[in-house]
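Number of protein chains: 2
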Amino acid sequence: MKIAMLGFGNIGTGFYNEIKTNYKDIEVAKVLVRDIKKTRAIESEKLTADFDEILRDASIGTIVDVTAGEASVKYITGALSASKNVITANKMAVSLAGGELIDIAREKGVNFYFEASVGGGIPVINLFNENVKPHRIDKVVGILNGTTNYILTKMADDGIEFSDALKLAQQKGFAEPDPTFDITGLDSAYKTTILKDLLFNYKCGAEDIFCQGIDKITRADLAYAKSIGYQIKLVGYIQNNASGLDIGVRPIFLPSDHPLAGVKNEYNAIYIEGSPIGEIMLYGRGAGAKPTTASLIADLLRLKRGETNMFNNAYEHSRLKKQQMPEELKSQSNYFRFTVLDVPGVISKITAAFEKYNISISSMKQDISNSNEPVNVIFTTHESKCSKIPKMIEEIKKNKFIISEPVWFKIGI
Amino acid sequence: MKIAMLGFGNIGTGFYNEIKTNYKDIEVAKVLVRDIKKTRAIESEKLTADFDEILRDASIGTIVDVTAGEASVKYITGALSASKNVITANKMAVSLAGGELIDIAREKGVNFYFEASVGGGIPVINLFNENVKPHRIDKVVGILNGTTNYILTKMADDGIEFSDALKLAQQKGFAEPDPTFDITGLDSAYKTTILKDLLFNYKCGAEDIFCQGIDKITRADLAYAKSIGYQIKLVGYIQNNASGLDIGVRPIFLPSDHPLAGVKNEYNAIYIEGSPIGEIMLYGRGAGAKPTTASLIADLLRLKRGETNMFNNAYEHSRLKKQQMPEELKSQSNYFRFTVLDVPGVISKITAAFEKYNISISSMKQDISNSNEPVNVIFTTHESKCSKIPKMIEEIKKNKFIISEPVWFKIGI
Chain W
551 MKIAMLGFGN
561 IGTGFYNEIK
571 TNYKDIEVAK
581 VLVRDIKKTR
591 AIESEKLTAD
601 FDEILRDASI
611 GTIVDVTAGE
621 ASVKYITGAL
631 SASKNVITAN
641 KMAVSLAGGE
651 LIDIAREKGV
661 NFYFEASVGG
671 GIPVINLFNE
681 NVKPHRIDKV
691 VGILNGTTNY
701 ILTKMADDGI
711 EFSDALKLAQ
721 QKGFAEPDPT
731 FDITGLDSAY
741 KTTILKDLLF
751 NYKCGAEDIF
761 CQGIDKITRA
771 DLAYAKSIGY
781 QIKLVGYIQN
791 NASGLDIGVR
801 PIFLPSDHPL
811 AGVKNEYNAI
821 YIEGSPIGEI
831 MLYGRGAGAK
841 PTTASLIADL
851 LRLKRGETNM
861 FNNAYEHSRL
871 KKQQMPEELK
881 SQSNYFRFTV
891 LDVPGVISKI
901 TAAFEKYNIS
911 ISSMKQDISN
921 SNEPVNVIFT
931 THESKCSKIP
941 KMIEEIKKNK
951 FIISEPVWFK
961 IGI
Chain Y
551 MKIAMLGFGN
561 IGTGFYNEIK
571 TNYKDIEVAK
581 VLVRDIKKTR
591 AIESEKLTAD
601 FDEILRDASI
611 GTIVDVTAGE
621 ASVKYITGAL
631 SASKNVITAN
641 KMAVSLAGGE
651 LIDIAREKGV
661 NFYFEASVGG
671 GIPVINLFNE
681 NVKPHRIDKV
691 VGILNGTTNY
701 ILTKMADDGI
711 EFSDALKLAQ
721 QKGFAEPDPT
731 FDITGLDSAY
741 KTTILKDLLF
751 NYKCGAEDIF
761 CQGIDKITRA
771 DLAYAKSIGY
781 QIKLVGYIQN
791 NASGLDIGVR
801 PIFLPSDHPL
811 AGVKNEYNAI
821 YIEGSPIGEI
831 MLYGRGAGAK
841 PTTASLIADL
851 LRLKRGETNM
861 FNNAYEHSRL
871 KKQQMPEELK
881 SQSNYFRFTV
891 LDVPGVISKI
901 TAAFEKYNIS
911 ISSMKQDISN
921 SNEPVNVIFT
931 THESKCSKIP
941 KMIEEIKKNK
951 FIISEPVWFK
961 IGI
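Protein chains in written order, with the working numbering: chain W, 551 to 963; chain Y, 551 to 963.
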């Protein structure tokens, strides 16, 4: 079996070494890189900067794409159109064009596999296709980003602030020098839309779903969550309601006895509820060269065995046309933190706003004030309409005693 | 697609209803039952007590076996030999004859699938085949029996004794009137050998592996475990060591922050360590009509899609001949509880035995004595040779102050 690789970074190197060591019958014949002059842990004659050279080589039947970024869509389109199988780890490509790429593969009689695009070494794509998709799925909730889960774990367990936890993650190699893509939730949004595409007949991109990041979370939020029996986790979620899909990425208060609550550090997990399957969860390493390599190889061996129909299984449940649930129908319990100057009238002004917008308070807690230091005022609410919350926050923010952006998180999943 | 069923109990009824409701293109044509006179939630003309009638019906291509017990092996052999696909939920049949049944299926060009035989609704078989088996697997540890996990959870969380937890499990329908098969660990042993067969080239039956049940565990053991940061869980384990497989079923002290430690009540989970896959865990409902139905249907849809090669993927790692690790090479940390009469000399006599057998004590704790009540003396040990432990226990048991069977559990996984 002769294959080509696109990219030779951290994951590419790991994949190449695993193939060389353990799969003598698979030959990496060519590797597309930007700069063929750079010294790499591979024979330089295998390197090429010319994608067409790979396309023209009829002996190469399969291309393994370990590039990042949107350009990958063009490469994959080209490779499938040239009747080559493609295996990719690129979540952006799959999220942006997965459906179209599967269509091209089907038309050309080749295969397009992407186990490594979500959940790293966790075989979530195979599982969704073979064991989850056939059933009525009510809920998918995933800790899909190792960087943010590592940061939140360190903040919760070691009582450190976001900026210190981020630094630690960067030192450990779990966060990029520019962590924006992870901490804003965008990485999780890409992965969430891929999972959505596997299960539900509703087209949308990562930018079309609700997305809230973790950068406003403080250790005070995590400590409060813990004190009432919750963990804060950044999750991608798809709730399959009668009125449509509630889909997005957000930090949520997860009950401490929920199986996802035990998922710590850089680990990922995907939790599913449906019928008759019940609750299932998959847990593992969501990133890194080795776990990603494991998933790329699982796809490669699937091809080698001659499996050709991974995505030809559309079931009744997943064929039903879906849409997003209208915002005005959503309701949830919430956590709010307002960081305020400790002046008279704060609580009455905030509670008046809650009352005006008909959001029912279930608990309130105010920190002890140290003279002129700002204090946190925390509210939890009963289940309330989500659509009114942004307006209420805007109104509360007009008060001069509010000294930073209020935060609000959903309680429960 | 026309299928026949073997058995129509709790799981059979659940499976039949799901097919009738959600899979209009699959027809259950015949059902083998012992007593065709008994009224069941199915048209009586579909019932037959004659297996040959099903075999002779050329329109039936697939047989779904939801019987329990060893007789299933004969039915499956007959069905495969008659060139019919077989899907089974019967762990005993798969453990006893899985390899031979796969061989018959291959020879006849049909398929033998058994997703439902381990882990109920958790797609562990598919996953092991497609995503785990290709890689070097170092360790498999599974909470494979919902009954015992429910009992241990109730004992640990509610502080009740084994007998009360068992009664509760029976009331909830999580334990059989005769719970022997579950609490002795035998059910887990069957499932452990199935997982072993999927990954390692070593033949043995459930009776050939180490097997320790949970009936001697008391709430004192669970409370002590908790106090030093552990949970006691009954696990099936396969450790792939250079000197052979360490395989068995036993209650172990599992560190509280291990992902398996959070698996509560009737849930099951399978945890795997390997390279390059890293650590992965699957969690879900390990028994019951609905989850088992989900797995049966996943297999059925696999057939319907025309997949025919589920078990044709033997990789280098799994082809290597293995054997069990010799007992004298095994070493581990341990927990010991001796329930004793509170007379002078107890501690010195027990510790003398530890010394004689070269088992190094790491901690000791003796309950406060209430006059003539027996007390628990608990020891933990550093890593020590396992082979000496039974002898040491026999020697300690000769002391008259020992009033019940000593217990010892492995600490750590």
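There may be inaccurate statements among the hints.
Said to hold, decoys possible - Cross-link-like lysine-lysine pairs, in silico, DSSO-like; alpha carbons within 30 Å at most:
no.: 1; chain 1: Y; residue 1: Lys570; chain 2: W; residue 2: Lys871
no.: 2; chain 1: W; residue 1: Lys871; chain 2: Y; residue 2: Lys854
no.: 3; chain 1: Y; residue 1: Lys574; chain 2: W; residue 2: Lys871
no.: 4; chain 1: W; residue 1: Lys689; chain 2: Y; residue 2: Lys570
no.: 5; chain 1: W; residue 1: Lys814; chain 2: Y; residue 2: Lys689
no.: 6; chain 1: W; residue 1: Lys776; chain 2: Y; residue 2: Lys814
no.: 7; chain 1: W; residue 1: Lys872; chain 2: W; residue 2: Lys854
no.: 8; chain 1: W; residue 1: Lys596; chain 2: W; residue 2: Lys950
no.: 9; chain 1: W; residue 1: Lys689; chain 2: Y; residue 2: Lys880
no.: 10; chain 1: Y; residue 1: Lys658; chain 2: Y; residue 2: Lys872
no.: 11; chain 1: Y; residue 1: Lys658; chain 2: W; residue 2: Lys814
no.: 12; chain 1: W; residue 1: Lys574; chain 2: Y; residue 2: Lys935
no.: 13; chain 1: W; residue 1: Lys574; chain 2: Y; residue 2: Lys753
no.: 14; chain 1: Y; residue 1: Lys722; chain 2: W; residue 2: Lys689
no.: 15; chain 1: Y; residue 1: Lys574; chain 2: W; residue 2: Lys689
no.: 16; chain 1: W; residue 1: Lys854; chain 2: Y; residue 2: Lys722
no.: 17; chain 1: W; residue 1: Lys570; chain 2: Y; residue 2: Lys950
no.: 18; chain 1: Y; residue 1: Lys658; chain 2: W; residue 2: Lys872
no.: 19; chain 1: W; residue 1: Lys872; chain 2: Y; residue 2: Lys574
no.: 20; chain 1: Y; residue 1: Lys814; chain 2: W; residue 2: Lys689
no.: 21; chain 1: Y; residue 1: Lys854; chain 2: W; residue 2: Lys814
no.: 22; chain 1: W; residue 1: Lys722; chain 2: Y; residue 2: Lys689
no.: 23; chain 1: Y; residue 1: Lys658; chain 2: Y; residue 2: Lys689
no.: 24; chain 1: W; residue 1: Lys899; chain 2: W; residue 2: Lys960
no.: 25; chain 1: Y; residue 1: Lys871; chain 2: W; residue 2: Lys574
no.: 26; chain 1: Y; residue 1: Lys872; chain 2: W; residue 2: Lys570
no.: 27; chain 1: Y; residue 1: Lys854; chain 2: W; residue 2: Lys872
no.: 28; chain 1: Y; residue 1: Lys570; chain 2: W; residue 2: Lys570
no.: 29; chain 1: W; residue 1: Lys854; chain 2: Y; residue 2: Lys814
no.: 30; chain 1: Y; residue 1: Lys588; chain 2: W; residue 2: Lys854
no.: 31; chain 1: W; residue 1: Lys753; chain 2: Y; residue 2: Lys658
no.: 32; chain 1: W; residue 1: Lys960; chain 2: Y; residue 2: Lys753
no.: 33; chain 1: W; residue 1: Lys753; chain 2: Y; residue 2: Lys689
Quick caveat, the hints were computed from the structure, so don't treat them as lab data.
Hint by hint, here is what the structure shows:
1. Y:Lys570 <-> W:Lys871: Measuring from Cα to Cα gives roughly 23 Å; hence the hint holds.
2. W:Lys871 <-> Y:Lys854: 24 Å, holds
3. Y:Lys574 <-> W:Lys871: 20 Å, holds
4. W:Lys689 <-> Y:Lys570: 24 Å, holds
5. W:Lys814 <-> Y:Lys689: 20 Å, holds
6. W:Lys776 <-> Y:Lys814: Holds, because 20 Å separates the two Cα atoms, which is no more than 30 Å.
7. W:Lys872 <-> W:Lys854: 35 Å, violated
8. W:Lys596 <-> W:Lys950: Since the Cα atoms of Lys596 of chain W and Lys950 of chain W sit roughly 64 Å apart, the hinted pair is violated (cutoff 30 Å).
9. W:Lys689 <-> Y:Lys880: 44 Å, violated
10. Y:Lys658 <-> Y:Lys872: Holds, at about 28 Å.
11. Y:Lys658 <-> W:Lys814: 48 Å, violated
12. W:Lys574 <-> Y:Lys935: 39 Å, violated
13. W:Lys574 <-> Y:Lys753: 27 Å, holds
14. Y:Lys722 <-> W:Lys689: Satisfied, since the Cα-Cα distance of roughly 26 Å is no more than 30 Å.
15. Y:Lys574 <-> W:Lys689: 25 Å, holds
16. W:Lys854 <-> Y:Lys722: Roughly 47 Å separates the two Cα atoms, so the pair is violated.
17. W:Lys570 <-> Y:Lys950: 63 Å, violated
18. Y:Lys658 <-> W:Lys872: Violated, at roughly 43 Å.
19. W:Lys872 <-> Y:Lys574: 22 Å, holds
20. Y:Lys814 <-> W:Lys689: 20 Å, holds
21. Y:Lys854 <-> W:Lys814: 39 Å, violated
22. W:Lys722 <-> Y:Lys689: The hint holds at about 26 Å.
23. Y:Lys658 <-> Y:Lys689: 34 Å, violated
24. W:Lys899 <-> W:Lys960: Since the Cα atoms of Lys899 of chain W and Lys960 of chain W sit roughly 22 Å apart, the hinted pair holds (cutoff 30 Å).
25. Y:Lys871 <-> W:Lys574: The hint holds at about 20 Å.
26. Y:Lys872 <-> W:Lys570: Holds, because 25 Å separates the two Cα atoms, which is no more than 30 Å.
27. Y:Lys854 <-> W:Lys872: Distance ~26 Å between Lys854 of chain Y and Lys872 of chain W Cα, so the pair holds.
28. Y:Lys570 <-> W:Lys570: Judged against 30 Å, a Cα distance of about 50 Å means the pair is violated.
29. W:Lys854 <-> Y:Lys814: The hint is violated at about 39 Å.
30. Y:Lys588 <-> W:Lys854: With Cα atoms ~50 Å apart, Lys588 of chain Y and Lys854 of chain W exceed 30 Å; violated.
31. W:Lys753 <-> Y:Lys658: Violated. Lys753 of chain W to Lys658 of chain Y sits at ~43 Å, over the 30 Å cutoff.
32. W:Lys960 <-> Y:Lys753: 52 Å, violated
33. W:Lys753 <-> Y:Lys689: Not OK: Lys753 of chain W and Lys689 of chain Y at ~41 Å, beyond 30 Å, violated.
Checked against the numbered hints given earlier, the structure breaks hints 7, 8, 9, 11, 12, 16, 17, 18, 21, 23, 28, 29, 30, 31, 32 and 33 and satisfies all the rest.
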